[in-house]
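Chemist: For reference, the chains in residue letters:
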Amino acid sequence: KAGVTQTPRYLIKTRGQQVTLSCSPISGHRSVSWYQQTPGQGLQFLFEYFSETQRNKGNFPGRFSGRQFSNSRSEMNVSTLELGDSALYLCASSYTAANSPLHFGNGTRLTVT
Amino acid sequence: GIQVEQSPPDLILQEGANSTLRCNFSDSVNNLQWFHQNPWGQLINLFYIPSGTKQNGRLSATTVATERYSLLYISSSQTTDSGVYFCAAQGGSNYKLTFGKGTLLTVNP
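Protein sequences, first through last, are from chains L and A. Plus 9 on top of the position in the first sequence (first one is 1) and you've got the numbering used here. Position 4, counted from 1, in the second sequence is what the numbering used here calls -12; the numbers after and before it change by one each time, with no gaps.
Hints are not guaranteed to be accurate.
Derived Cβ-Cβ restraints for the label pairs, each shown as a range [what the hints assert, rightly or not]: (1) L:Arg76 - A:Trp24: 23 to 31 angstroms; (2) L:Asn108 - A:Gln39: 19 to 27 angstroms; (3) L:Arg18 - A:Thr37: 32 to 40 angstroms; (4) A:Gly0 - L:Arg72: 44 to 52 angstroms.
Simulated coverage check for chain A against chain L, where a stretch passes if three residues somewhere in it have a Cβ under 8 angstroms from a Cβ of chain L [stated by the list, open to error]: (5) 9 to 20; (6) 25 to 32; (7) 66 to 77.
Bear in mind the hints are in silico, worked out from the structure with no lab data behind them. Beta carbons: idealized from backbone N, C-alpha and C, even for Gly.
The whole structure should be built from the sequences, with the hints applied where relevant.
Modeler: Quick look at the structure:
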């Protein structure tokens, strides 16, 4: 069974631009979560989707948004990029998020210049 | 929200040594997981263990939910065990895992 696939692996953007990251979950998994990892803040929860519905959102500004499609694939978007948005963005999938193991993709490393 | 604390923050071992990593959490949990992040950034799920004990090869984990802690044991460590070990917990039904700051493990040959 294929793992969680994130694209692209690396991205360099300029301040003020926007970016869209993509995540394909493990087949059969309906929950997709997104996390931001930085050296200073560690792993922080962005949001979680299940059956196209956002069930929870972390403490991030409205510039961070996401969605999930009917095939469980998910995208996250960051608008008006800031230097502080440079991070490793990790997507994870699970059957339900609440009571099942979380499996992570390899991440997208975003650099904002 | 739930707080997750891990100790020690750093650990250096010689190959073949055993180690115990600890995770304390501030509230009752219904989801507790251990992950290993290798030097290339890949996060691997080691255990889903909201309570009880599990073993997988040289690794085992125990969660004592009533006392709000979990332990990860690594026996006969190998250089490939190096990396950061994260504990993550979820309380209630908020569908989010809160991660600890991790334990950086270095295993020297």
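Chemist: The structure should be examined with respect to each hint, and the outcome stated for every one.
Modeler: Each hint tested on the structure:
| no. | hint | result |
| --- | --- | --- |
| 1 | L:Arg76 - A:Trp24: 23 to 31 angstroms | 29 angstroms, holds |
| 2 | L:Asn108 - A:Gln39: 19 to 27 angstroms | 21 angstroms, holds |
| 3 | L:Arg18 - A:Thr37: 32 to 40 angstroms | 37 angstroms, holds |
| 4 | A:Gly0 - L:Arg72: 44 to 52 angstroms | 49 angstroms, holds |
| 5 | 9 to 20 | holds (count 4) |
| 6 | 25 to 32 | holds (count 6) |
| 7 | 66 to 77 | holds (count 4) |
The structure shown violates none of the earlier numbered hints.
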